[in-house]
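Could you build the full structure based on these sequences and the hints that come with them?
Quick note on the working numbering: the sequence shown kicks off at 4 and runs consecutively.
One thing to keep in mind: the hints can contain errors.
[Stated by the list, open to error] Per label pair, the in silico range of CB-to-CB distance:
#1 R160 <-> L44: 36 to 42 angstroms
#2 P65 <-> A41: 35 to 41 angstroms
#3 Q25 <-> G83: 43 to 49 angstroms
#4 T85 <-> N170: 26 to 32 angstroms
#5 R96 <-> D166: 17 to 23 angstroms
#6 V182 <-> N57: 39 to 45 angstroms
#7 G49 <-> E12: 31 to 37 angstroms
#8 S100 <-> R179: 23 to 29 angstroms
#9 V182 <-> G49: 20 to 26 angstroms
#10 R117 <-> R179: 17 to 23 angstroms
#11 R162 <-> T11: 23 to 29 angstroms
None of these hints come from the bench; they were simulated from the model. Computed from a predicted model, the values in this text were never measured in an experiment. Think of the CB as a built atom: it goes at the ideal place given N, C-alpha and C, for glycine as much as any other residue.
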Amino acid sequence: ILGDKLKTEGKWPPPPMGSSSQPHGRLRVQGVRIERLASRLGLPGGLSGQMSLNLPYRHDGPGGSPVGSGRVEVRDLRQGDTELADRIRAEVRLTRSGLSLRDVSGTVAGGQLRLQASWRFEGRGWFDLALSGAEMSQALGALGLSADAVTGAADLRARGEMDGGVNASGTLSLSRGKV
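In structure tokens:
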């Protein structure tokens with residue numbers, strides 16, 4: 004639906020609980036097209052790039068829920084003709100109750116991105132975002148806003164919750180910029 008390849012490997016039924024800490028299977032997704040994903044998530048048009056996921060898992064707990072940790076990577080993230088990030092990497096963790104992203108890092112709009120986020124399957128989540136030294140014209144362009152309105156290096160720190168919407172607070176500092 005969103006990419007080129009989806010591959011899952013493993014054994015069913017899984018080994019008895021507690022018999023092994025080794026993965027029972029692996030989920031690999033390659034070539035997810037960011038433009039399709041952005042469209043489904045209601046993000047601004049013009050974003051492109053590719054995402055891949057490698058998630059070894061095992062079945063655990065009552066009902067044999069899949070749990071595991073792996074890596075996700077976004078490559079060649081662009082807004083139209085403008086490159087926003089060459090590569091963004093993160094650790095992804097799947098638990099019985101939700102999904103979390105840890106150690107998200109990369110260079111975005113010329114600044115350093117750091118992000119942690121968690122989503123519970125019941126529909127709630129949180130995030131903690133830091134972006135240091137990003138060029139505002141590139142960052143605003145990625146959001147579909149006028150890229151000429153603000154220029155200069157910016158530092159952004161935001162924390163928020165997601166529960167049917169986004170409730171966030173943060174600070175934005177612009178140095179050597181023009182508004």
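Hints, one by one, checked against the model:
1. As the Cβ distance of R160 to L44 is approximately 23 angstroms, the hint placing it in 36 to 42 angstroms is violated.
2. Distance hint for P65 and A41: a CB-CB separation of about 36 angstroms, consistent with the stated range 35 to 41 angstroms.
3. A hinted range of 43 to 49 angstroms holds for the C-beta pair Q25 and G83, which are about 45 angstroms apart.
4. Remark: the range hint 26 to 32 angstroms for T85 to N170 is upheld by a beta-carbon distance near 30 angstroms.
5. For the pair R96 and D166, the supplied restraint of 17 to 23 angstroms holds, since their beta-carbon distance comes to about 20 angstroms.
6. Our hint of 39 to 45 angstroms for V182 and N57 holds, since their Cβ atoms are close to 42 angstroms apart.
7. Distance hint for G49 and E12: a CB-CB separation of about 35 angstroms, consistent with the stated range 31 to 37 angstroms.
8. Take S100 and R179: their Cβ atoms lie about 44 angstroms apart, and the range 23 to 29 angstroms is violated.
9. Between V182 and G49 the beta carbon distance is about 24 angstroms. The supplied range of 20 to 26 angstroms therefore holds.
10. In this structure the supplied range 17 to 23 angstroms holds for R117 paired with R179, their Cβ-Cβ distance being about 22 angstroms.
11. Under the hint 23 to 29 angstroms, the C-beta atoms of R162 and T11, about 34 angstroms apart, miss the expected range.
Taken one by one, the earlier hints fail for this structure at numbers 1, 8, 11, listed in ascending order.
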